[in-house]
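J.: Given only the sequences and the hints, what does the whole structure look like? Please build it.
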Amino acid sequence: MISVLYVDDEPEFLDIGKIFLEKSGKLKVDTFLSADIAVKILPFSQYDAIVSDYQMPGMDGLAFLSEVRIIQPDIPFIVYTGQGREEVAIQALNQGADFYLLKGGSPKIQFGEIENFILNLSAREHQKDKIISEKRKAEEALSLLQTLYEYAPFGFAFIDQDMVFIHVNKALADMSGRPRGDLLGRRVKEAAPHLWTLCGDQIHGVLQAGDPILNFEVNGNIPSDPGGIRNWIMNFYPVRRRDEDLFGIGLLIIDNTSRKVVEQALIVSEERYRTLAESAEDAIFILGREEKLIYINSYGSHLLARNINDLIGRTISDSGSMVEDLIHSDGIRSVFSTGLKCSYDAEIRTSDWQRWIEVLLIPMPGYNNPSGQVLGIGRDVTRRKYAESGLLNANRKLNLLSSITRHDIINQISLLFIYLDNLKAYTESDPDGQHIYSQIQQSIHTIHQQIEFTREYQEIGVATPVWQNLHNMIQRSAQSLPINNIKIEESETDYEIYADSLFEKVVYNLIENAIRYGDKITIIRWIIDRSDRIITLIIEDDGIGIPVEDKEEIFSFGFGQHTGFGLFMVQEILSITNMTIRETGVPGEGARFEIIIPQEYLRPYYEDI
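Numbered according to this note's numbering, the sequence shown spans residues 67 to 675.
Worth flagging that the hints you see were computed from the coordinates, not collected in a lab. There's no promise every hint is true.
Unchecked claim - Dumping the calculated DSS-like pairs for lysine-lysine here, alpha-carbon to alpha-carbon at most 25 Å:
#: 1; residue 1: 194; residue 2: 92
#: 2; residue 1: 196; residue 2: 94
#: 3; residue 1: 169; residue 2: 92
#: 4; residue 1: 174; residue 2: 89
#: 5; residue 1: 92; residue 2: 196
#: 6; residue 1: 451; residue 2: 463
#: 7; residue 1: 94; residue 2: 84
#: 8; residue 1: 174; residue 2: 92
Predicted model, so just to flag it, every value in this text is computed and none were measured.
T.: Here it is, written out as structure tokens:
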């Protein structure tokens, strides 16, 4: 709706004018009896047109017009007055009035004429504003295009039908090795002969046929670097007039050298790694999130007795039982959910043969791979398995022989104790005999302890190492010992450790030692420390500690106040999986044992693994 300000010192004209001007619903009219008042509100209001009487008390219509032109220079202004002198009309128009109308006659006709003038003038102003706005936008767009054209890292040029440079941007001039002034207005063949050599046939062809040539790739050099071979992508666009007549060519040149170098390096790198993968005597495969095989090497397909093309693109479940035996879905899901590598032993069977495969799954996030992939490496460990089985059988036989021998020796020791008891009565009155009796008894007791030690020691390393939950072992060991009021405290122990099956004896022995020798002990702490590259399992208490001179000796065979086998056994069990132990506590403040664990032998505990 168009907003109109109407000023007149006669209330009747204001009332009649408002009625007639608003009747069509296209105008909204505000009325004022005084120009002095109207001029004060004008800076704070927005009107599309002003209608004003000429002869009014105080500020007259022409003075009001002068003020209006200062405040709003372009607003349409109509003088509607009963003053009919010609010089008033001329003065009003000279001061910037847009329309002059003399009062008299039918109000309906006169206000209808004013309304039509306002509507027509408003339409023209709107069209004018639209043209100005469109022109401004066009100028801004042209300025933007000129900026892009001038400073883009691509070479742009316009060549007319005579193959003369009409426009050339900075990038193309730099490619030519000549100032733009030396190119403009000259034929391509003369101004840039090296460019003509590279694409003269294409320029000529587009001018002849009128069809574009896109993504034309060419190698060459530029005058400023004659020894350097560069790669360009060129596009040739026919430029036509409105009547569709061809009058030139738009040339776009993109320096593709860097990208080409990177692509070539990627090709070489991919070929190098592909050769490595194809030459490997391990099964190597890559899977996506949907558990589809993206890649498998020749050894892998040979191991599965399948053609590579039959495997690529298939899910594990659709690829047959042998693939499912090699690639475990739960392992793949574990890698995707945790982002950690996963390992397991797989067994593949056919009617003719059996294979054991050691599989390692590794997450592969990377460039252009936001969803992630999994790299799998499967190593055939069948020979090792057979060797381990043979070694296990040999150990069983040795253990059986050791058990039989130990049983026989213990029987003989039992007989010796019986004979000693009978002999004791004959030596009671003989001090020398008593001494000899005690020495024999101590020797037999020592032999008995050493024989019993072989029972435990022969079990170390017999079974294959397994993943064991540290928290559960601590709780079980603590519950089986008389800890009384001693507090067992754990920090970051929700892990699994890959260790000899006797590892729980390590946990048990360390708690038992703390209880037995800690004296004033009130707390035993178990902590997994991953703050450094080295993973450390710390076991510390607040007891009396271990003297400095004993720190190295406590792991020796036979050391200690009890059997002397505890910490020696602990060290031997840990060594099976390359773990080491040391004591670093402060005497008088408590013992502190540190077990160094290889990184690959520790993993977070997940109930669903």
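J.: Run through the hints listed earlier and report the numbers of any the structure violates, in increasing order.
T.: none
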